[in-house]
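Once you've looked at the hints, dock chain W against the given chain F.
2 protein chains.
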Amino acid sequence: MSVGRFIGIGVGPGDPLLMTIKAVKAIEEADLLVLPAKDKESCRAYMIAKEALNVMSIDQNRRRWEDAIDNKECIFEPFPMSMDKDELFKFHKRVAGRIAKELDLGRNAAFLTIGDPCVYSTVDYLTQILEDMGYNTERVNGVTSFCMAAARLGISLGEGSEEIHVIPGSADIDKALSLPGTKVFMKGGKRLKELRDRLILYEAKTGHRVYGAANCGFPDEKLAYSASEITDDWGYLAVVIVRGDSEQS
Amino acid sequence: MSVGRFIGIGVGPGDPLLMTIKAVKAIEEADLLVLPAKDKESCRAYMIAKEALNVMSIDQNRRRWEDAIDNKECIFEPFPMSMDKDELFKFHKRVAGRIAKELDLGRNAAFLTIGDPCVYSTVDYLTQILEDMGYNTERVNGVTSFCMAAARLGISLGEGSEEIHVIPGSADIDKALSLPGTKVFMKGGKRLKELRDRLILYEAKTGHRVYGAANCGFPDEKLAYSASEITDDWGYLAVVIVRGDSEQS
Numbered sequence: 020m021s022v023g024r025f026i027g028i029g030v031g032p033g034d035p036l037l038m039t040i041k042a043v044k045a046i047e048e049a050d051l052l053v054l055p056a057k058d059k060e061s062c063r064a065y066m067i068a069k070e071a072l073n074v075m076s077i078d079q080n081r082r083r084w085e086d087a088i089d090n091k092e093c094i095f096e097p098f099p100m101s102m103d104k105d106e107l108f109k110f111h112k113r114v115a116g117r118i119a120k121e122l123d124l125g126r127n128a129a130f131l132t133i134g135d136p137c138v139y140s141t142v143d144y145l146t147q148i149l150e151d152m153g154y155n156t157e158r159v160n161g162v163t164s165f166c167m168a169a170a171r172l173g174i175s176l177g178e179g180s181e182e183i184h185v186i187p188g189s190a191d192i193d194k195a196l197s198l199p200g201t202k203v204f205m206k207g208g209k210r211l212k213e214l215r216d217r218l219i220l221y222e223a224k225t226g227h228r229v230y231g232a233a234n235c236g237f238p239d240e241k242l243a244y245s246a247s248e249i250t251d252d253w254g255y256l257a258v259v260i261v262r263g264d265s266e267q268s
Numbered sequence: 020m021s022v023g024r025f026i027g028i029g030v031g032p033g034d035p036l037l038m039t040i041k042a043v044k045a046i047e048e049a050d051l052l053v054l055p056a057k058d059k060e061s062c063r064a065y066m067i068a069k070e071a072l073n074v075m076s077i078d079q080n081r082r083r084w085e086d087a088i089d090n091k092e093c094i095f096e097p098f099p100m101s102m103d104k105d106e107l108f109k110f111h112k113r114v115a116g117r118i119a120k121e122l123d124l125g126r127n128a129a130f131l132t133i134g135d136p137c138v139y140s141t142v143d144y145l146t147q148i149l150e151d152m153g154y155n156t157e158r159v160n161g162v163t164s165f166c167m168a169a170a171r172l173g174i175s176l177g178e179g180s181e182e183i184h185v186i187p188g189s190a191d192i193d194k195a196l197s198l199p200g201t202k203v204f205m206k207g208g209k210r211l212k213e214l215r216d217r218l219i220l221y222e223a224k225t226g227h228r229v230y231g232a233a234n235c236g237f238p239d240e241k242l243a244y245s246a247s248e249i250t251d252d253w254g255y256l257a258v259v260i261v262r263g264d265s266e267q268s
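So the protein lines, in turn, are chains F and W.
Note that the numbering used here has the first sequence beginning at 20, numbered continuously upward.
Note that the numbering used here has the second sequence beginning at 20, numbered continuously upward.
Calculated from the structure, these hints are not laboratory results.
Watch out, some of these pointers could steer you wrong.
Pairs count within a copy or across copies, as identical chains cannot be separated in the list.
Unchecked claim - Pairs of lysine-lysine residues, derived as DSSO-like cross-links and limited to a Cα-Cα distance of at most 27 Å, are as follows:
hint : residue 1 : residue 2
1    : K59       : K224
2    : K44       : K241
3    : K224      : K194
4    : K120      : K194
5    : K206      : K194
6    : K120      : K57
Being a predicted model, the structure only gives us computed values, none of them experimental.
Chain F extracted, bound-state conformation (with noise of 0.2 Å):
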């Protein structure tokens, strides 16, 4: 009996069909889900890929797809909020502890992520963690939320010489507005307040956009295309766009 593989699923930024047809066919044929919650319904990467391969299955007129994943075993981890650094690590150990007794039984298994699996998913500690134990592990890409905020409010992240800067939100914001190109604001949280505080300004006195987005793909999508337009109410999973100096203006 052959080991099975670890593989890391980006579902997309949450429009469903902006799931990929690899993504769709990966969760297919894999034997069990892991999933960063304590059920599907809490789970917002599980239901953005179940509304995925619906329409799958209703394009085909078969239920197939539908099938796939709502029949699928799933492990449930919900992934602790706790910044500690030796606590996540302990966590992430015994969740790959667990996976690995799947993949001995030769079963593969599929972790289901917002976005893609190689920008800031928690997908990457398990996958590191199981590389390092010698399993075989996969990352099959999404589109980043960035990419489709972008989409969203009608504009381009960058072109021509274009810069583009991908900064957490625990980063400095006044060394990251100092950088050329265009800058995106990400997992803000917290600080979400004073980064629009601080672009209010910024906007003000530079006549650079700014551009927000948030819960794109969802009915409680939020757009704005300047500083003041972004509220408190806004949370995680908002990107925040700053464009430099436009290279054909």
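Just chain W now, kept in the frame of chain F:
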């Protein structure tokens, strides 16, 4: 009769299965395709899309998707290699005018582009011009080449508080290398050799890891796990990734 829409469709980085369901459907629903090439065979984006729709058809045992792309009317507009801004602008204006005539007839036109339409895509110039002319436009996201490069290399582009900097070929290499976090060098073109030579020294000095990928998803895919493995024949679509100090190590 209503006016048609212009849709920039990202077909992803090369692996046909990395096309999104949305891109497949948008191609099926478009009245005509605009291709930046002299014919279908020399248009990489078209050939990726064709393969993706073939796979969808085989999967369903019917030719619906395959026929949808094979029978589609195409406009061919090989993009000039010129870097002259005036010449390029004139070219884009002329192509936009040609597309506008089709939109006026109530037809939806879809432009196929490699990767994502919001990340260094030629479709952006056309989209901007058509928007300025008052037409409705849409961007259908795709997986970017740098995300696929990371997945194929088995690495993450960024975790936790790491920044990700996407740097086009014309940028100052040393300035880019001084940035914290991950540096993604794209569209190196003629300067790829200079970048490689610089990174061989950088790698030795800092101990930071250098990775490279070219033609991901194609039979001639190349992967490098140190700067010295990047060779001169890698060409325009190469992606070079420089990781900073790892967070978890």
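For each hint, the structure was consulted:
In this homomeric assembly, K59 and K224 never come within 27 Å of each other (Cα to Cα): the closest approach is 47 Å inside a single copy and 48 Å across copies. Within a single copy, K44 and K241 get their C-alpha atoms only as close as 31 Å, which misses the 27 Å cut-off; across copies the closest is 25 Å, which meets it. For a Cα distance limit of 27 Å, the shortest separation of K224 from K194 qualifies both inside one copy, at 16 Å, and across copies, at 25 Å. In this assembly of identical chains, the alpha carbons of K120 and K194 never lie at most 27 Å apart, being 45 Å within a copy and 46 Å across copies at closest.
For a Cα distance limit of 27 Å, the shortest separation of K206 from K194 qualifies both inside one copy, at 17 Å, and across copies, at 26 Å. In the homo-oligomer, the alpha carbons of K120 and K57 lie at most 27 Å apart inside one protomer (20 Å), although the nearest pairing across protomers, at 54 Å, exceeds that limit.
In the structure shown, a violation is registered for the earlier hints numbered 1, 4, in ascending order.
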